[in-house]
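J.: So the sequence shown is numbered by my numbering: it starts at 5 and just counts up by one.
These are calculated hints, taken from the structure and not from any lab test.
Because the structure is a prediction, the values reported are computed rather than measured.
Virtual Cβ for every residue (Gly too), placed ideally from N, Cα, C.
Be a bit skeptical, because a hint or two may be false.
What the hints assert, rightly or not - Restraint ranges, calculated between C-beta atoms of paired labels, are given here:
hint: 1; residue 1: Leu-421; residue 2: Ile-60; range: 21 to 31 Å
hint: 2; residue 1: Arg-432; residue 2: Asp-181; range: 51 to 61 Å
hint: 3; residue 1: Ala-417; residue 2: Thr-219; range: 36 to 46 Å
hint: 4; residue 1: Ile-150; residue 2: Gly-424; range: 34 to 44 Å
hint: 5; residue 1: His-46; residue 2: Ala-417; range: 44 to 54 Å
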Amino acid sequence: MQANVASTPHLRRIGGVVTIASLAVILFATLLPASGQPVASHFCLLCGTVGGVDFILNVLLFVPLGVGLALCGFPANRAILMMSILSISIETAQLLVIPGRDATIGDVLTNTLGGALGFAASRYARTCLRPSPRNATSFIVGWAVIWLAIQTISSFSFAPSIPESKYFGQLAPSLGDYAVFHGRVLTARVDGVVIPNTALADSRNLQRLLLNGATVATTVVPAKATRDIAPILRVADAEQREIVLLAQNDVDLLFAVHSGAAALRLRPPLFALPQVFPKGVIEGLTRADTLAVTGRYVASEVRMRARSASETHRSLVPLTASMGWTLVLPWQWFIEGTHAELVITWIWVACLALPFGYWAAYAAGPSRNQNDAWHRMLIWPAVVAILYGGLALGPYAFGLAVPPISEWLAASAAILLGAGLAARFAERTASTKRDDQIP
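Turn these sequences into a full structure, and let the hints guide you.
T.: Shown next as structure tokens:
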């Protein structure tokens with residue numbers, strides 16, 4: 005496949021703007037001091053507990069720069085070399101000058117990979133945007149692999165994954181990465197099993213309970229709001245992995261259970277029940293002024309409840325693979341099941357489904373080869389089957405909830421929009437060719 009975007013003065017000007025803007029974003033994102041624990045090795049590829057997130061973000065960070073250099077007309081080898089040198093320079097500065105930054109070989113490789121992907125996407129844009137039926141079919145197959153991989157990874161990440169290990173209970177602990185809970189913990193249980201503030205006598209039983217969707221419950225005398233996440237009940241294992249967490253964050257209740265996201269080093273799902281704890285300091289609280297909080301995590305849903313003498317708060321969040329966007333954000337997202345989260349989920353699903361409609365319209369379009377008639381007839385059924393596999397079959401295999409009708413509608417609307425855009429582009433291309441043929 006040959007490059008099909010020639011560098012013109014107009015494209016070079018656009019490329020210059022994109023390149024300068026990309027450089028500004030890259031330098032801002034990488035050269036400011038930061039706080040955090042240092043990595044164990046500078047030669048790691050997936051570094052730290054959220055190394056998978058860093059991998060994805062490092063790739064995406066350099067994609068616009070690759071696009072800009074391609075539009076400027078740089079040869080591929082020179083552009084990739086320039087981006088690699090830039091990444092090495094940034095990592096060197098992080099290692100020697102900038103406090104709180106971790107310089108790793110993995111960052112250099114992922115930055116260079118992202119730049120190369122951006123360069124290729126720009127250089128071969130016309131083939132992607134106006135493909136032949138055969139190329140469009142290849143793009144559908146490639147995107148299907150990406151779509152199914154994203155949905156499978158998301159499904160695995162939300163499913164509970166409780167490692168077999170020695171567990172240790174922690175009640176209102178003082179830990180370096182957390183704030184301190186200022187109230188008093190009266191009771192802490194998991195399905196009736198008392199959680200002590202020490203090693204558990206039967207870790208395997210707790211593992212079994214959590215895998216079966218046990219209810220994690222604690223009763224506390226609340227205090228003032230916290231400035232950060234303050235564990236109330238925490239269970240960790242001998243390798244310092246967080247197995248269960250019930251915590252206070254400002255006035256919200258947080259709940260988490262060890263899931264597949266930890267194995268993939270993605271952002272762990274952390275669920276919030278808002279406005280549970282008192283905002284200010286309340287004097288004279290006694291054991292009668294208690295707050296009973298519970299959390300229950302199964303593959304299909306997460307339930308949380310907080311009950312005091314005066315009011316009760318509840319939430320139920322169905323778990324679907326389409327919430328995978330929460331796993332790859334640069335910051336920790338607290339999942340509450342809000343309308344805003346639903347809208348973001350619809351947009352996420354639509355963005356993943358739109359390419360199917362776009363390329364399917366080209367793949368099912370007119371072809372000079374008469375033997376491709378059967379091929380064109382199968383395109384749309386194949387797209388529907390792929391969509392069904394990602395939205396329903398993959399999540400079902402991990403026990404996640406059945407996707408709501410709104411996600412199906414978002415995907416269907418995106419496919420129709422993609423097909424409409426393809427028809428529009430094809431019409432404009434045909435019109436341009438007719439105009440060129442007029443003497």
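J.: Each hint should be assessed against the structure and marked as holding or not.
T.: So, going through the hints one by one against the coordinates:
1. Leu-421 <-> Ile-60: 21 to 31 Å: holds (25 Å)
2. Arg-432 <-> Asp-181: 51 to 61 Å: holds (55 Å)
3. Ala-417 <-> Thr-219: 36 to 46 Å: With a Cβ separation near 38 Å, Ala-417 and Thr-219 satisfy 36 to 46 Å, so the hint holds.
4. Ile-150 <-> Gly-424: 34 to 44 Å: For Gly-424 against Ile-150, whose Cβ atoms are near 22 Å apart, the range 34 to 44 Å is violated.
5. His-46 <-> Ala-417: 44 to 54 Å: holds (46 Å)
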